[in-house]
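So the protein lines, in turn, are chains A and B.
Numbering-wise, the first sequence is residues 1 to 261 according to this note's numbering.
Numbering-wise, the second sequence is residues 1001 to 1438 according to this note's numbering.
These are computed hints drawn from the structure, not numbers from a lab.
Computed from a predicted structure; not experimentally measured.
It is possible that part of the hints are untrue.
[To be verified] Think about it this way: if two alpha-carbon atoms lie no more than 20 Å apart in a straight line, the pair counts; the simulated PhoX-like pairs of lysine-lysine are:
#: 1; chain 1: B; residue 1: Lys1179; chain 2: B; residue 2: Lys1197
#: 2; chain 1: B; residue 1: Lys1041; chain 2: B; residue 2: Lys1014
#: 3; chain 1: B; residue 1: Lys1303; chain 2: B; residue 2: Lys1208
#: 4; chain 1: B; residue 1: Lys1241; chain 2: B; residue 2: Lys1272
#: 5; chain 1: B; residue 1: Lys1095; chain 2: B; residue 2: Lys1272
#: 6; chain 1: B; residue 1: Lys1208; chain 2: A; residue 2: Lys43
#: 7; chain 1: A; residue 1: Lys177; chain 2: B; residue 2: Lys1179
#: 8; chain 1: B; residue 1: Lys1252; chain 2: B; residue 2: Lys1287
#: 9; chain 1: A; residue 1: Lys190; chain 2: B; residue 2: Lys1179
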Amino acid sequence: MKELTRMFAKPKPKVAVYKFTGCAGCQMELLRLEDELLDITEKVDIVYFMMAQSNVERQDYDLCFVEGSVSTPRELEEIKYIRAHAKTLIALGDCAVTGCIPSIKNWLPQSELEHAVYKDTTPIKSFKVGGIGEYVPVDLVLPGCPPHKNLIFDAITSALLGIRPKLRMHAVCMECKLRENVCILTSLGKLCMGPVTRAGCGAICPTYGRECEGCYGPMSDANPSALAEEYRKLGLSSDDIVRKFRKYAGTTNEFKEVAGL
Amino acid sequence: MSAERTANTQVSAKKIEVCYVARVEGQADVRVEVAGTGETKAEFAVFEPIRFFEAFLAGRRYNEVHEITSRLCGICPIAHQMTALRAVENALKLKVTPQTKALRRLLALSAWIQSHTLSLYFLTAPDYLGFDGAVSMASKYEDAVERALRLKKLGNDLGEIIGGRAVHPISAVVGGFTKIPNKEDMAQIRQRLKQEKDDIWSTVDLFKSLKYPKVSRDSDLVAISSEEEYAVNEGRLKSVKGLDATEEEYRKHIQESEVTHSNTKASLFNGKDFIVGPLARVSLNHKKLTPDAKKAMEQLDLKLPDSNPFSHIKARVVELVYSLDECIRIIDTLKLDVAEQPIQPTIGTPSEGFALTEAPRGLLYHAYKLDAKGIVQKADLVPPTAHNSASIESSLRAFAPELVKRNEDLQLGCEKLVRSYDPCISCSVHVTRLKKGR
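Assemble the whole structure, with the sequences as input and the hints as a guide.
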């Protein structure tokens, strides 16, 4: 512990938390580190966090979390500014990684959406919802809607130590097995997305007796078309298969084929 | 309109433009200009990007509506889930069991505990104690910040036990819950609720000691109200000045108008703005409060009628006391002996369903039209901050000249006023309508 204290003695790393197009749920998950929060603030200086403090600094950051997707020209400019000023840039949560649920709109023509909404569409400055990685290089992605607070904590401590955080590229199924759940897909015929979904949540949904909805996005080397075929055998319609994949990560390279019509 | 804050803030005696209000959820600017004549212009301009929720909900299946609308807001996902579930169940004429109702009430109250604590200690208190946030506040008020973290964790943990996780819960579904919480977890959380309840008077004392400004402005207050209980998840639409309607009739009474400077629409009742939130609920439903919550009302000197937006803060403390009491009461009445499975709805005819609930920051409305296959045809959502946005502007117009007259800090005063409503801006900007008007 003394060793660690010395390492962090000075200068304190500067941390920023930015919000783009999103729901603030990931910031809420960060604030759910109630037991660790005061210790964290002893080790780092939080210099930009609009939801939590009114004194904010626009400067260079050692560690910058961005929650939310890029969906407006202002955000596009902003993400480039942030990238230029952040040593380590972390995409915090699905919106910043894949565009998440708001990306469902990407399947509809923008003009159709806008005209469905307003008579005068000239003030609307909104384009396709996309993860920040579509526009700038990202150093670490923390998927999840929201990413579990332990993953956020792991990212912060890893950054402080200068080591690689635990990257969970495997499927939810791994965590599900560790919790000794009976497979709800093979034994109960529930339409679980666990086999293609990235781990990190601790397999909460199957543990709570329901199918995984895929809120951590695609795992590494996911095979969504094989899973879609399983769903078809279980009687799911093509429309419902599309709905399932066109939710948290429908526009990712991994899912876009099965999420398309 | 930039994420840059301080550099864009122009402060002069008569005019302020706060770009990006801090310590609220979401992205909004406040512009206030007080002319020499006392005439005041005020804008609460939301620049949070539009997410088109109502547009892309069309085409989704009835059983994923609550999962999708949860993502409207990360602070009140539970409120959106409870409202969406009930609106869909109303459309499908599905009645849930008393146990499901009780668990949903508990889940909603867990969100009140979490959200009120966040609002009171993290967003509000720093203004009154002279800090820029809770972290810096901890240097002098360590006990208070630690208490806040404990309370917030309690709300989150209760939500997690019932809902599977606190932010975007997963176990509440159409017809019930996929898993019933186990008795041991409930007994443990009951003990913690009791401990925090015993300690709640330190919170009452802290917020009693703060000096709140007054906005001298009469306003109607709107909330749901029930004969049986302090209304949380269902009730009739009522106002202090006599509105009394069912949730189906909501659109007949509350009108929305578009404003050019903001991405949030303004809600009006009888052509006037109104207040929703803790103060509205306490005003309408104070008789249903527990004895200790009533005692807190007295100690905080919250006397009705009161339409000063700053009294929201006192009402929030009162509701925190109430929520702890009520959670303990519900846990004591829950038997949890039967592992009830969610009731499956009958799909087959086109239908329409409405629901009003009380999110931590006020009245929340969801309505859905489903087709014969249970697919959403049309969605209509009005979150609390859309209800409050016109009131926020009117209050700024009334309050700013008083600040100027008293030579007080106009920027801080206006930001405090905005924060007293505890606005949740992400929520308020989904605002789209598939067909304009109804």
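Going down the list of hints, with the structure as the test:
no.	hint	in the structure
1	Lys1179(B) / Lys1197(B)	violated (28 Å)
2	Lys1041(B) / Lys1014(B)	holds (11 Å)
3	Lys1303(B) / Lys1208(B)	holds (13 Å)
4	Lys1241(B) / Lys1272(B)	holds (12 Å)
5	Lys1095(B) / Lys1272(B)	violated (36 Å)
6	Lys1208(B) / Lys43(A)	violated (34 Å)
7	Lys177(A) / Lys1179(B)	holds (19 Å)
8	Lys1252(B) / Lys1287(B)	violated (28 Å)
9	Lys190(A) / Lys1179(B)	holds (15 Å)
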